[in-house]
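Going down the list, the protein sequences come from chains A and B. Counting along the first sequence from 1, when you hit position 12 you're at -5 in my numbering, and nothing is skipped either side. Counting along the second sequence from 1, when you hit position 355 you're at 338 in my numbering, and nothing is skipped either side.
No lab work stands behind these hints: they were computed from the structure. Honestly, I wouldn't trust all of these hints.
Put simply, identical chains are the same to the list, so a pair is met inside one copy or across any two.
In silico SDA-like pairs for lysine to any residue, Cα to Cα no more than 25 Å straight-line [stated by the list, open to error]:
1) K153 - P113
2) K153 - K239
3) K37 - R50
4) K53 - R142
5) K239 - R135
6) K238 - K306
7) K238 - R81
8) K145 - P215
9) K239 - N54
10) K53 - H78
11) K32 - S155
12) K184 - R142
13) K153 - S89
As the structure is a computational prediction, the values presented were derived from the model and not from experiment.
Protein chains: 2
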Amino acid sequence: MSVTKSCSVVLTAILVCAMLTGSQTPSVQEGRSECPILVEHAREIEEYKPIARKIIDFFLSGDMRGRTYKNLNNFVDSYGPRMLGSSGLRRAVTHVYRGLTRQNFSNVRMEPVNIPVWVRGTESATLLRPRLQRLSMVGLGDSVGTPDGPIRAETIVVRSFKELEALGDKASGKIVVFNQEFISYDDSVSYRLNGAIAAAKAGGVAALIRSVTNHSLLTPHTGLMYYQKGVPKIPGACLATEHADLLHRLYRRGKKLVIQLQMGAHTIQNKTSNNVVADLPGASLSEKVVLISAHIDSWDIGQGAVDDGGGLMIAWGALVGLKRLGLRPRRTLRVAMFTGEEFGTLGSNQYYRDHAAELRDFVFALESDEGVFSPRGLGFTGSERAQCILRHVLQLMTPLNATVLEVPMLGGPDLDVLVAQGVPSACLLTRNQQYFTVHHTSADSIAVLDTAELDQAAAFWAVLAFVLGDLSFEVPRDITTRVEPGMSRL
Amino acid sequence: MSVTKSCSVVLTAILVCAMLTGSQTPSVQEGRSECPILVEHAREIEEYKPIARKIIDFFLSGDMRGRTYKNLNNFVDSYGPRMLGSSGLRRAVTHVYRGLTRQNFSNVRMEPVNIPVWVRGTESATLLRPRLQRLSMVGLGDSVGTPDGPIRAETIVVRSFKELEALGDKASGKIVVFNQEFISYDDSVSYRLNGAIAAAKAGGVAALIRSVTNHSLLTPHTGLMYYQKGVPKIPGACLATEHADLLHRLYRRGKKLVIQLQMGAHTIQNKTSNNVVADLPGASLSEKVVLISAHIDSWDIGQGAVDDGGGLMIAWGALVGLKRLGLRPRRTLRVAMFTGEEFGTLGSNQYYRDHAAELRDFVFALESDEGVFSPRGLGFTGSERAQCILRHVLQLMTPLNATVLEVPMLGGPDLDVLVAQGVPSACLLTRNQQYFTVHHTSADSIAVLDTAELDQAAAFWAVLAFVLGDLSFEVPRDITTRVEPGMSRL
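Make the full structure from the sequences, and use the hints.
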């Protein structure tokens, strides 16, 4: 860290930072740029244009065309959901491991991860009063079940944590339905994560939370939920938005609501899953690593094609494409398919613990975990100088119309540890149309994805990985940014 | 019929039919119109402008504002699905009957309809080979079940009836999956209706049909299916489009598919349901009837807010609005909430049989059964002269931006009998965004509808009913049009 710091002081002194107003496009014409970058760095990046073009062509109209979709389609059709602890995930891990080995990547390994296995079991929620109505629900990951038999309780409906607090002890002994407004995923997901804690603090016996989405066909969304030490663990589940609204309307009309909730959810400790890791070794600086990550596990109710099968396949495809083009950057490109992301980045946490000493050599980290749609650019967390370098690199993506840089990166939970260490880290930004519609639902399937868009994203990833792995200089670390645990999208 | 015919000959002789080119808007400026209408008729219609405006204002910004949505919302929330034979439907029928009675409409009656009751029972379809996958399915109305235990059979997937035929006896003993292309509802629904017949003819043991929709979140669509005399009755169900695609892909890759199908479906004969009928009696020609119809039953898996709760509420609301405005046209306006539409227009068929002698006095018939969204105009079946009158009447809907006339009417199954008798018949056309997305699914809920759009449609219905009921002349019957049984949308 101290080496990086002293370097940065020297570099700052010789930066060209004319900070032109007007156009947002970085340019080094006449030796100037809109953001702080060394002229020779900007020029060097520009020199990758032909090779970037070659890579893009290879994915869009060459041998790689259509392969990402095809591979993903075979993958999700063959193994189905890849829930932590499932045979589907085990078979998928083996498939990826064998594929990478067969393709002669280096250091291909399945690294064990100690995991708890959450089992959903059967589950149902039924409105008993004022009339019988089976509710569209799905239990939340890590929730306790109802081992002593179904909970049958009067039910209250609130719009917010604040509204629940204002009720005092009126929630005691009741099922609490949170029918929070959908503002955005990031603004509303707190109800899914913390709803059961808040309900339990108010004396509630279970929490039913409106699914975090703005489009539903009676589609419930699952996801992880939290418990808090010292607060009773009560079951948590999400309802389809339509049914959360229905309950809220009935409640507001003064009806007494009674719901019966049954959940077979339980957790088995001390199981094992695996991260899969492989390298395209660097030509000269092989100890230096550009990490390209995705997660291999998915929720149990969908195919996990979007979350995160697509991310996995573009990471893999990027390396395959570069290998087939005979392109080997100076630094090592490492793909990491992490397990257990959906249950709190278990796989990446283990990986970073197991490889703590090596992380100082991680020069850049990429993650795609928000669906692979037409690429738009990068979400990025890093210093101002790092941002400027990225802006210049993104100019290479002009043929893909994917030159946007948004700061900071949202999402990218499997990179949290690296971000905290200042490793420049980026996530794929896409022209995301449907991600949070199908997110954590049974509708997460290949049907949502498009082969041309997957090709574009794989090309984008390949260009980015190659250039970041090959530049004569490193994107500087950020020694000021810190992430709070649990801040990333889950 | 002969009276109408001889009149029409006389009228034709004195028609003004300048048939101007250019603008599609009918106009009688300078005594000319783009379509065949008597000048005095066109002028008379135009004179309804102030009253049309008054009605529209009453629904959009007067006392009726928001009432249609509110009433519909209470209705669907209170009774839930209104499946033929269910307590929900019985309670809904009583609700409508009591409401109409309380509002002092005339001749309010519940007319009995003899019905068979189809009971869904439990049902499931599971892919056993090449891997275990619970399939998203829903049994089709009138399907037989699997009373001797689940069917477990090898499965073939075809794209069309033709492809199935080409297979010869290869479908024998197998489950047949139809993964037909979605062209439009009308072009593709034949697979749902006739898939089990075609599969049985080919020796198949069950038919699984791709849901007839172009947007899915793993959402299966139910609906009626047919059997044919002399062809074995085999179970029929629809699959979510994603799962039909999944099966097709696996099949094309040469995998042997085995599916297990369990359906508890069965039918109980000789039950009773009810049509609800009520009149706003005509001021001078009360034996003449303008019929405003909708159906009160729905499928069991959704709320039936769209199909056809909205249609019911705008019919009802139109009459309530006119009554409250003290507007009573010359002819009787009759609302008919038919039962059993989803099982083959059972209620309306019975009604037309029971009232066969009165049908000669039906001067016009309206139906809304394609969802109540922002009104766009009318689908219409009738003679050229009738069309022209309608075009002029629709000019009164200019404030609603709903002046389109499309010929012939699609949909309107509860009007088939009347259309066959030449009664001018029209269906509400809307700016339909979601109808066939939620059609016959669990997502048919109030969430899809909009209060302002319901107000607009109720206003449209009220103006139309009033004007058609009040004109000094009748829209002429069409003595040439014939409908084939089963041609309408089900």
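Hint check results:
no.	hint	verdict
1	K153 - P113	within (19 Å within a copy, 52 Å between copies)
2	K153 - K239	within (13 Å within a copy, 57 Å between copies)
3	K37 - R50	within (17 Å within a copy, 63 Å between copies)
4	K53 - R142	between (44 Å within a copy, 21 Å between copies)
5	K239 - R135	within (13 Å within a copy, 45 Å between copies)
6	K238 - K306	neither (65 Å within a copy, 32 Å between copies)
7	K238 - R81	between (58 Å within a copy, 21 Å between copies)
8	K145 - P215	within (20 Å within a copy, 61 Å between copies)
9	K239 - N54	between (52 Å within a copy, 20 Å between copies)
10	K53 - H78	within (15 Å within a copy, 55 Å between copies)
11	K32 - S155	neither (64 Å within a copy, 60 Å between copies)
12	K184 - R142	within (17 Å within a copy, 55 Å between copies)
13	K153 - S89	neither (61 Å within a copy, 48 Å between copies)
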